[in-house]
Each structure stands twice: as C-alpha cells, then as structure tokens.
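**Student:** These protein sequences, in sequence, are chains A and B. So the first sequence is numbered by our numbering: it starts at 1 and just counts up by one. So the second sequence is numbered by our numbering: it starts at 1001 and just counts up by one.
For each label pair, taking beta carbons as the anchor points, the in silico distance ranges come out as:
| # | chain 1 | residue 1 | chain 2 | residue 2 | range |
| --- | --- | --- | --- | --- | --- |
| 1 | A | Trp84 | B | Pro1052 | 41 to 51 Å |
| 2 | A | Phe225 | B | Gln1097 | 52 to 62 Å |
| 3 | A | Ile44 | B | Ala1275 | 34 to 44 Å |
| 4 | A | Phe52 | B | Asn1434 | 33 to 43 Å |
| 5 | B | Arg1447 | A | Lys306 | 38 to 48 Å |
| 6 | B | Asn1183 | A | Val242 | 58 to 68 Å |
| 7 | B | Pro1118 | A | Phe52 | 28 to 38 Å |
| 8 | B | Asn1434 | A | Leu38 | 50 to 60 Å |
| 9 | B | Arg1338 | A | Ile298 | 43 to 53 Å |
| 10 | A | Phe52 | B | Arg1447 | 29 to 39 Å |
Everything labelled a hint here was simulated from the structure, so no lab data went into it. In this text, a Cβ means the ideal position worked out from N, Cα and C, and glycines have one as well.
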Amino acid sequence: MSQGTLSVPTEPAEATPRNTALKRLARRNSTTAFLLTLPLILLILGLVIYPFAYAIYLSTLNRRMTRFIGWENFTFLLGRETFWNVVFQSVLFAVSAVLLKAFIGFVLAHVLHALPSKGQRKWRGMLLVPWVIPPAISTLAWWWLFDPSYSAFNWALMGIGVDPVPWLGQAGWARFSVILVNVWYGSPFFMIMYLAALKSVPDQLYEAAAIDGASGWQKLRHVTFPMMRNVISITVLFSLIVTFANFDIVRILTNGGPQDTTHVFATYAFQVGIQSGDIPLGASVSLFMFPLLAIFAIFTLRGVNKRSKEMS
Amino acid sequence: MEGKGIPRGVPRRTLLRASAAGAAAAALPLVNVHGQTSSGKLALGLWDHWVPAGNDGMRKLVTEWGQKNRVEIQLDFITSVGNKNLLTIAAESQARQGHDMLSFPTWEVHAQAEKLEPLDDIMGRLSQKYGALNPIVEYLGKVEGKWRAVPAISGSQNKPALGRIDLLKQHAGVDIQEMFPANANAGGKAADWNWDTFLRAAEACQKAGVPFGLPAGQFTDATDWIGSLFRSFGAELVNAKGDITAKSDGVRRVLEYSQKLFAFLPNDVFSWDDASNNRALISGKSALIFNPPSAWAVAKRDAPAVSEHLWTFPAPAGAQGRFTPYLPYFWGVWSFSRNKGAAKALVEFLSERDQAAAMVAASNGYDIPPFTSMTDFDTWEKEGPPTGVVYNYPVKPHHQAQQFIACYPAPPEIAVQMYNQGIQAKMIARVVQNKEPIDRTIAWAERELEGFKRG
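Just chain A, same shape as in the assembly (with noise of 0.2 Å):
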C-alpha cells in the first residue's frame, strides 16, 4: 500500500479550493507511482525474493531433501577442501578480473575522453561491442581461440617459434584464460561508466587546478579522481556481484577444470546441485556468496552515502 495514500491527512473544511486540489493530484501521483512500480516490485519478489528465500529453505534440508537439517550443508562445506579452492578461485577471479576491468576501463575512458567528438562515437561504439555480444557466444569464439588441439593462439605462436600453451589444461594458465574472457567481456561497462563520469566533471575545476599549477598527475588525483569516485565504487560493487557470481564463462571454457582449480561458486553448485543430485548442498554454495558480498556492499555504500552527504 502507497505510504501517501495512507498518510495524507484530513483536510480542514477551510483549505481553499486550489490547495486541495493539489492535495488530491499529489496522492493521485503516488498512488501512479505505486503502480508504475508495482511491476518491477512483482518481478523482485519473483524473480529474487522468493527464489532466495527458497534457496534458504534448501540449504536446511538434508540430501534427500526429507529432513531438516539446519545448519549441517553448511558446517560440511567449511570442512571440505575442493569447498575452499572453489572460496580461493572465486575471490581470486572476481577481484582480481574486477581490479583489470576497472583499470582498463578509466584508461579507455581518459583515451576516449581526450579524442576529438566527432570520431568518438564510433570509437566508443566498436569498444562497447564485447559488452553487447552475449557472453555464451563469445565464450565460445574463445574457447575456439583455446581450444586444446586446435588454438588459433597456439597457431600464430608457433608460427613464430613459440611452444604451444595449454590454455586450459593446466591450472595456471586456465585461470589466467577464464580471468582474460571476463576481463575482455566486462571493461567496456567500466569504459562506459567513467566516460559519462568524466563528462560530468566541470572544466572550471580543471582551469582552476592549471591556474594554481597543477601537473597533469595532480589534476587527475586531485580532480578527476574525487569526482568519479561515487561512480568507480558503485560501479565496483555492481561488477563484483555480477564477476563472482558468473557462471557461463567457467562453464564453457573449462568445466570447472583441471582437477577443481577454475571452480566458481556457481559453477561449483551447479555441478553439486544439479549434476551430481545434491540440491540443498549446492543451495549452499550459492549461499556463500551473500554474506561475502553483503559486507562490501554495506561498506561500499556506507563510503558512497558518507561522500555524497559531504559534497552535497
């Protein structure tokens, strides 16, 4: 129910005919926008709210789904050791490919930024394009680009000398392959996201900075940086709940492979739960990622809030 239906007091039989009228129209529009939302609302509990209370639910059942368990799927993860290099790999691949995509991205924004307008919309066009393309389909272009026997890597470094690289076949470079997808996949967002926080930063405040001396370094530490930092921690926190609960990347590269070390949570449950008969236990898994994430968005939020309060 709308708060302003509810809390719109009586009118007193004095009120002029105008005053009420407005009265009416404000409710009116709260009621509309109730409504409006109401949709996105329905799809939330749907889509979100339900499903996660439902994974809750799992997670206390036994395997057979016939029994209570409380706590136990947990308690037996913590125990387990593939568990924990699934916690390591997930850690390491959201934040470290988190970490990249934000850096590549402020320096394609800067380089796009300083490119005269007329050729940077085609520029910023060609950059969006790994982001627009559906990560299932380019997955696979480069699982083709890995692919054991036949990689078109592999091909062009042999043809200059090079040994070929199992890209997916040995931990070190199959980590280093699922991170280089997500990374090529997800900097276009980050590009996107600071190009539009550059374009709000005012050029007074630039003119001011080079009228006291500042250095080009100066400028973009002490202007530019303060100014999109709202924008790089939220764009942060969104990236990191997307990377660390990414699952098509892994899945099609490398299954989880070799021998458990590309695992992420997703992936993890989905091979427990789904595959090997285990629901409630991969209900689990996917539960661990809450509280990771819920602590870094409770102090990235509270740093943004802290920010906007002091600039406002």
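Given chain A, put chain B in place with the hints provided.
**Tutor:** Relative to the frame of chain A, chain B by itself:
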C-alpha cells in the same frame, strides 16, 4: 521442442464416422494394452538424439502408437547439451508437474526414485520375453528392489574403442579387424588385446604423430573410459557397501600405469571435452578414441577418407577382465503423471524388439538395447563403410567383456558424485600433471570420498 496433436489433420469425414462410432463405443475402454486402460493426452519429454534421424525414428514410433491407441501425444525432444534434460527433471520434480514420461539419464532414476512410478510389471513381462539384462541397468534402474524406470533403447550407448585400421596396423602392428572381425568369432590375437598392448600401441602412435585421443577432464567421455580402466585393474574406490577402499594395490597399479600411458597422450587431454576426442579422430590426428559410433557417422559425412578406415572394437582387458564403458538412459513415469496407464503402455511398446530394431536402425546403430538378446540386429552388420564398422559396438559373447559404468559398484548416491566430479580423472591428473606421490593422491581421494558419503 515441439508439440504434436495426433488427431489434427484427420479428414473431416473420418472424424464424423469416428464420432458416430464413438457414441456407440463410449462404454468401451479406448485403449487396452496389457489390460491397462488409457486415453486422453500424454506429454512426453524424450532425449534429443545426437543422430539427427534418431528423433524422426522415435517420432514415427510414438505417432503410430498414439494413433493406434487414440492417445493425443505431446512430444518434446529435450537436449542433454548444457544439461537441459537434468534441469527439466529437477524443475518437474520440484514442481510436481510437467511431462508424464521422461527420459532419465544414467544416475537420475536413483535421484528421483521417490517420485517415480514403480514399473516392475513392465520389467517382469519384458524380462520374460527377452531374457537377461546387463547388471548395470539393474544397478541404476532398480531402487530398493523396485524398478523405478525401464532401461531405454534410445540414447543408451557403449563407448568401446574406435580406431584407425590403417594407422594402428602401420605404426603399432595391431590388426584390429583381424582381432575383432565383423562376425561372431574373435581373431587369434583378441586375447592379447590388453592394457599392455594398448600402452605399446599408444607409444608407437604417439611417435608417429597420431597419438590416442583419450580425454581426462571432467566430462563423461573421460569418466567412462577411465572408469573401465580402473575396473579392469581391480581399482575400486568405494565398494558396494559404501566402504572406502581406495588404499589398495589395484589403485596403486592403475595410477602407475596411467603415469606411463599419459606420457604418450597429448599434454592437453586434461582440458578435453566430449567433442575434443571426436575432432582428434575425424581430423586424422588420432589413431584411437573411446566413443559411440557418432564419431564415425560424422566422419562419414565430413571426412569420408577417414571414416573408411575406422573400426569399432572392444576396450582392452586388464587383470580383472574386459569392461566396455556403458551409459544407459531410462524411460520413467512420474508418480504425479495424469495418465500413468498410457505412459506405461507406451514405455512397454517402445521396449519391444520390433521397436528396438527400428530405433537402432534409425540411429545408425548408436542405440544399445538393454537385453542381451537384442544385440543381433542386422544394422550393426550392415552399417559402413567399411561394412561391419559397428558390428562389435554392442557387447557380444565372444568379446568376453562386460558393460560397465564408472564408479560401480559404489552405492549410486555416492557413485553419482564420484562420477560427475570425475574423481578418478582427477587422481590421474594429480599423479601425472602435479607429479604428486601416489599415496598422497590416494589420501586426497579418501578425503573426497568421505565427503561423498554424506547422507
């Protein structure tokens, strides 16, 4: 996916005649198959066949049955690519609604047993008619003494050796056609086809630049051949009672053997998927893989010069015997099905010899019926070129082999985790890639297996 309403397309006059007759026959059961009465609609979710003509063959059989029994059929072919069939099963099981009858892959019968209709009556009649079943389908389809699904013909596959006649003869001196010709007699050297001969052949072919294409990742082709390798060395990780038995001489021996064998395989086999081995064979880069005849069928279409030199023959034997990798499918009926009678009647119809022969023919010999008495269809004799290429694809008595599923005889709820998490392949990867001592690898496997025993 596709939906098919059988009554559609029936001529109007026929329909009117049927209506008139129907009024008179209203009191009679519409279907009477083995005493079961059914009518109405039947929703089927069957496996989407790798062999394109496989679906057409199945559609024809189901359509004929539907028309004969006046059951309206909705037929969906559900692919196993991306595990979509597993997702469908999981979703329908949770929602308690969906198709009436589904194709269940290897381990799913045990996983869904409580929600599947017992089919002992059908299995009783089929066994009476067609005789012995292989023990693996009993292990996978029978739960607490009751058949919860019927072993399917469509989709069930063996994964014997599929090798190049010319390359194996030229480089390794192994004449596979002489050992296992396209007739019911083994050649003189068939008994010598063991893992030692295999190792020598692998070395020779690797030196000739056509190494064996044996995957060792976490996909089923890898798990299946490695499972048979372990079994033939007597390397059992978990016994039928669920006890961990990984610390054994058999396991040590198979890991020592793997260290030798993998030295002659491409160094990237640990990242191969189920298509990598096929590509290696079809492109002419490999002399041998373990696979159903789908690799030969694709080669026949895309690389006829290669396919003409291919031959299917049993896996090598070890100290404990010869074990052919086997991956059966099952047809099951949900306990919440709205038309159990019709579903059961259709399952029984599809399992009969004539229909089995039709499915085997439509799939170019790919499908493997569960009954030993059904391994004599002429499709396997006639397919080619070379004629008889798949004669030895079904396990025949003279092979002195058994069909085998990796991780058998561990209790299925443990075995499914061992299978899908590729524990045997990971053990090999540890000793070969990481160069871990064998005892440390076994200790790691024991810890993993302990986790799989969780109830």
